[in-house]
Amino acid sequence: MSTATAGWRRRTRWLRQRSATARRVCLRVLFGDRVGLVVFLACLCFVGLFWRVGTFINDNHTLINALVALSEGHLYIEDPVIGTLEAPGTYLHDGRAYGRNYGQLVYTLPFLWGIQALATVADLGVLLPALWSLLVLALAVQIGRVTDHERLATLLGAGVALIAFAANVAVAHPVQTRVVPLLALQASAAVAAGLTAVLVYRLLGRMHGTRIAVAGGLATVVVSPVGFWATVPKRHVYVVALGAGIVYAFYRSRHRETDGFLSATGFRLLAYVLVGAATWVNGAEGLLLLVGLVVVDLPTASSNDARTLVLIGVALTLSLLPFFATNTLVSGHPLRPPEVLSPFSYPTAENGTAPSASQGGPSSDTLDPNLPPFLGRFEPLLVAISAAFSRFSDQFEHGVRLAVTEPGKILHTFVRGRYVEDVVVDDHSQSVSLAVTEAMPLAGALVGLVPALVASGRRTIAERGQSLSGVRGSPSTATDGLVVAVAILFAMFYLPSFPLNAQVTARYLLILYPSVLYGIARQSAVRRALETNWNRSIWAYACGVLLGTQLLLAVVVGSAFGRGQAIQFHAWLGLGAASLLAAVTVGSTLDDRFDPILAVLLGIAAALGTSFLLLSGISYFQYGQYALPVVETISRHVAVG
Amino acid sequence: MSLARAAVLATVAVIALTTLVSGPLVGAVDLTTERYDATGLGQGNATVSAVEAPETARLDSGVGAAEFYLKVPDATVTFESITGKPTVSYKISIDELGYSRGTTHFFAESDVGLATLSIAQDSFARSEITAESYDGQLSITLRGNGTKQVLYDEPITVEVDR
Chain A
1 MSTATAGWRR RTRWLRQRSA TARRVCLRVL FGDRVGLVVF LACLCFVGLF WRVGTFINDN
61 HTLINALVAL SEGHLYIEDP VIGTLEAPGT YLHDGRAYGR NYGQLVYTLP FLWGIQALAT
121 VADLGVLLPA LWSLLVLALA VQIGRVTDHE RLATLLGAGV ALIAFAANVA VAHPVQTRVV
181 PLLALQASAA VAAGLTAVLV YRLLGRMHGT RIAVAGGLAT VVVSPVGFWA TVPKRHVYVV
241 ALGAGIVYAF YRSRHRETDG FLSATGFRLL AYVLVGAATW VNGAEGLLLL VGLVVVDLPT
301 ASSNDARTLV LIGVALTLSL LPFFATNTLV SGHPLRPPEV LSPFSYPTAE NGTAPSASQG
361 GPSSDTLDPN LPPFLGRFEP LLVAISAAFS RFSDQFEHGV RLAVTEPGKI LHTFVRGRYV
421 EDVVVDDHSQ SVSLAVTEAM PLAGALVGLV PALVASGRRT IAERGQSLSG VRGSPSTATD
481 GLVVAVAILF AMFYLPSFPL NAQVTARYLL ILYPSVLYGI ARQSAVRRAL ETNWNRSIWA
541 YACGVLLGTQ LLLAVVVGSA FGRGQAIQFH AWLGLGAASL LAAVTVGSTL DDRFDPILAV
601 LLGIAAALGT SFLLLSGISY FQYGQYALPV VETISRHVAV G
Chain B
642 MSLARAAVLA TVAVIALTTL VSGPLVGAVD LTTERYDATG LGQGNATVSA VEAPETARLD
702 SGVGAAEFYL KVPDATVTFE SITGKPTVSY KISIDELGYS RGTTHFFAES DVGLATLSIA
762 QDSFARSEIT AESYDGQLSI TLRGNGTKQV LYDEPITVEV DR
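So the sequences go chain by chain: A and B.
Its first residue numbered 1, the first sequence is counted upward by one per residue in my numbering.
Its first residue numbered 642, the second sequence is counted upward by one per residue in my numbering.
Hints were generated in silico from the structure; no laboratory data involved.
By construction, the Cβ of each residue, glycine as well, lies at the ideal position given by its N, Cα and C atoms.
Incorrect hints may appear among the rest.
[To be verified] Across the chosen pairs, the derived CB separations fall in these ranges:
| # | chain 1 | residue 1 | chain 2 | residue 2 | range |
| --- | --- | --- | --- | --- | --- |
| 1 | B | 679 | A | 557 | 35 to 41 Å |
| 2 | B | 675 | A | 9 | 27 to 33 Å |
| 3 | A | 557 | B | 665 | 22 to 28 Å |
| 4 | A | 176 | B | 683 | 22 to 28 Å |
| 5 | B | 745 | A | 397 | 53 to 59 Å |
[As the list claims (entries may be wrong)] To spell it out: a stretch of chain B is covered by chain A in this simulated footprint if at least three of its residues, at any positions, have a beta carbon under 8 Å from a beta carbon of chain A; those stretches are:
| # | region |
| --- | --- |
| 6 | 654-663 |
| 7 | 668-681 |
| 8 | 754-767 |
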């Protein structure tokens with residue numbers, strides 16, 4: 001053997017080892033472990049089933065146009081590639097049109113480049129089914145490895161992937177290359193949704209073991225409305241993913257483990273860095289996450305020494321730099337995000353020939369005149385910050401006031417929606433708005449928290465008080481606090497906006513759904529019922545999805561329901577299931593003889609959530625063309641008007 | 642090499658190669674077909690022996706939903722013969738609501754015999770529907786070779802089902 005060949009061999013072995021290490025590190029950092037990867041792939045395969053290549057709401061146009069502008073190297077939109085510049089969310093400053101949610105757009109850029117590259121060698125109409133089949137194959141291989149049935153799972157997966165690909169190609173239609181920016185936004189959103197599921201899995205896995213964690217992770221995308229918005233170019237899933245990341249990092253920061261890539265303080269800093277990233281996607285929601293994190297983190301941290309606080313401040317500031325940068329480029333002010341500028345409008349006879357000047361910007365509030373003089377130099381900055389906070393706290397306060405004075409609003413937003421003429425008129429005269437519980441009947445199980453909390457309250461009193469030191473000692477309890485704080489902040493902040501059109505599943509409150517799943521998984525009665533009755537639950541879920549979905553569709557198509565009628569039909573069924581589930585969860589908290597029924601009801605309620613996602617995707621909301629042509633063929637026969 | 646590994650490699654190879662070969666770079670084969678073949682649409686003619694259309698339609702609210710959906714039953718047309726690709730439009734209009742909606746159906750030579758025409762549902766907010774019934778007009782029109790033949794044009798009663 002020549003020395004050249006030996007050297008080459010050595011180099012390839014070295015490369016192979018390096019790439020295996022890199023893969024292991026990627027797997028751990030992104031998915032935690034192989035099961036996390038399975039959760040991720042399963043969510044993407046599910047979402048792909050009803051991926052419609054099209055725009056759901058007209059403000060999707062803004063993001064597509066802004067993404068194209070960004071890929072051309074500037075933030076202002078020159079010529080819209082889709083729709084008009086008057087799409088909601090397009091703003092005007094100094095005569096130029098701008099988009100919003102720049103964090104989301106920058107994160108989407110690699111997806112855009114990837115799909116652009118693939119589009120040069122592949123027909124998009126064939127590429128999308130090809131990618132889906134490869135995902136199915138990857139899922140099967142990983143399931144095989146996790147369950148030690150590698151051969152069986154791989155062969156099955158390869159068969160399914162090939163058959164699905166052949167069937168899809170047989171009925172494939174061309175997909176125009178001009179939809180590439182839309183595809184990029186949809187793909188990046190689907191990945192964000194999948195990562196949300198992974199984070200829920202990782203968090204619950206550390207608290208309650210693999211099974212509960214897999215159930216909670218999968219439910220995030222397959223049962224909850226996160227799946228509904230997973231391929232819609234809007235900000236929601238990105239903020240939810242970052243929120244889940246914050247909660248996970250917070251939980252890890254409360255442990256002194258040595259197995260992680262980051263120290264406890266490292267995770268604490270990471271939580272604040274993720275707040276910065278969320279702010280880049282949407283300023284107000286970033287602020288909500290920041291307030292929630294600060295309120296829970298500072299009082300429950302084991303130490304708040306000066307060094308750590310400075311580090312937190314630096315981490316947060318650094319993570320906010322991209323937000324400040326795009327704000328400055330758009331509005332000339334680091335703290336004036338596009339959302340506070342005036343909406344773009346084409347010139348009309350009344351407003352003259354040039355687009356009108358910006359009316360937005362921080363309000364003219366001034367600070368206390370007794371401000372220490374050295375702060376005076378920072379006054380413009382402080383004014384902007386205080387204006388942002390006061391706008392924020394005004395809306396929050398308004399929400400809290402409404403919650404007290406108009407409890408009906410809480411009821412209609414969270415439990416049972418109602419017919420609101422103005423909203424329905426804006427939704428093409430169809431009542432398609434669901435309350436939180438209607439959109440995810442599993443939420444009924446949250447009621448079990450009431451007796452559980454009463455019981456633990458009694459125990460605490462019996463043990464003569466448990467103060468913050470107790471919370472400090474328990475990472476799980478502190479994490480509960482963070483989830484509750486964030487959920488309440490989002491709920492109160494957006495409460496004044498409801499009822500609102502184009503929400504379908506109360507999308508402003510999307511972060512509540514994984515929070516609710518977390519709240520369900522944290523109940524010991526629910527976990528006990530599942531752990532002792534897994535088979536019952538899984539059977540109930542499988543029957544519900546496989547048979548129930550078809551039955552629902554038969555009723556909806558057979559009775560020629562309109563879209564609003566179909567969705568309200570789901571709402572009533574969901575409310576029924578949620579009420580039963582609520583009652584039985586309370587029962588189980590008091591007496592474990594309810595456990596088998598609870599397990600079955602959890603399966604059924606979850607199945608209703610999945611059915612809603614599948615039928616919305618395949619039947620009720622048809623737009624654009626389907627990524628999987630076979631699904632498109634099916635959808636033509638089950639359209640609902 | 643194990644069977645499982647071979648299956649994975651073969652599957653990936655088949656999918657990747659098919660995608661490449663049908664892609665713009667190689668372009669050996671085009672695997673996608675246009676959704677609709679629009680060539681020669683509206684060119685042609687047909688002879689119709691029978692037309693049946695409903696005399697009543699319904700405005701119907703339903704489980705939980707309070708808005709109204711206009712449900713027009715299907716009509717049927719019997720074609721004796723078809724040449725080319727004529728179109729048939731099935732249309733309802735309700736003047737009192739300032740509303741009209743039609744659906745154009747495409748036919749080809751293979752469609753001789755009984756054909757069903759339908760109109761997609763539209764919805765109305767609750768405040769729009771104030772009467773107990775509305776008078777509408779239902780029409781079926783055949784178009785081909787630039788000519789227009791009205792096959793059916795009769796009033797229809799739209800009953801409100803509260």
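Cross-check of the supplied hints:
At roughly 28 Å, the beta-carbon separation of residue 679 of chain B and residue 557 of chain A lies outside the given 35 to 41 Å, and the hint is violated. Between residue 675 of chain B and residue 9 of chain A the C-beta distance comes to about 52 Å, which lies outside the given range of 27 to 33 Å. The hint said 22 to 28 Å for the Cβ distance between residue 557 of chain A and residue 665 of chain B, and at roughly 39 Å that hint is violated. At roughly 25 Å, the beta carbons of residue 176 of chain A and residue 683 of chain B sit within the given window of 22 to 28 Å.
In this structure the supplied range 53 to 59 Å holds for residue 745 of chain B paired with residue 397 of chain A, their Cβ-Cβ distance being about 55 Å. Evaluation of the coverage hint for the region 654-663 of chain B: fulfilled, as 7 residues show C-beta separations to chain A shorter than 8 Å, against a requirement of three. Chain A is given as covering the region 668-681 of chain B, and this holds because 6 residues of the stretch bring a CB closer than 8 Å to a CB of that chain, at least three being needed. Evaluation of the coverage hint for the region 754-767 of chain B: fulfilled, as 7 residues show C-beta separations to chain A shorter than 8 Å, against a requirement of three.
Of the numbered hints stated above, those contradicted by the structure are hints 1, 2, 3, listed in ascending order.
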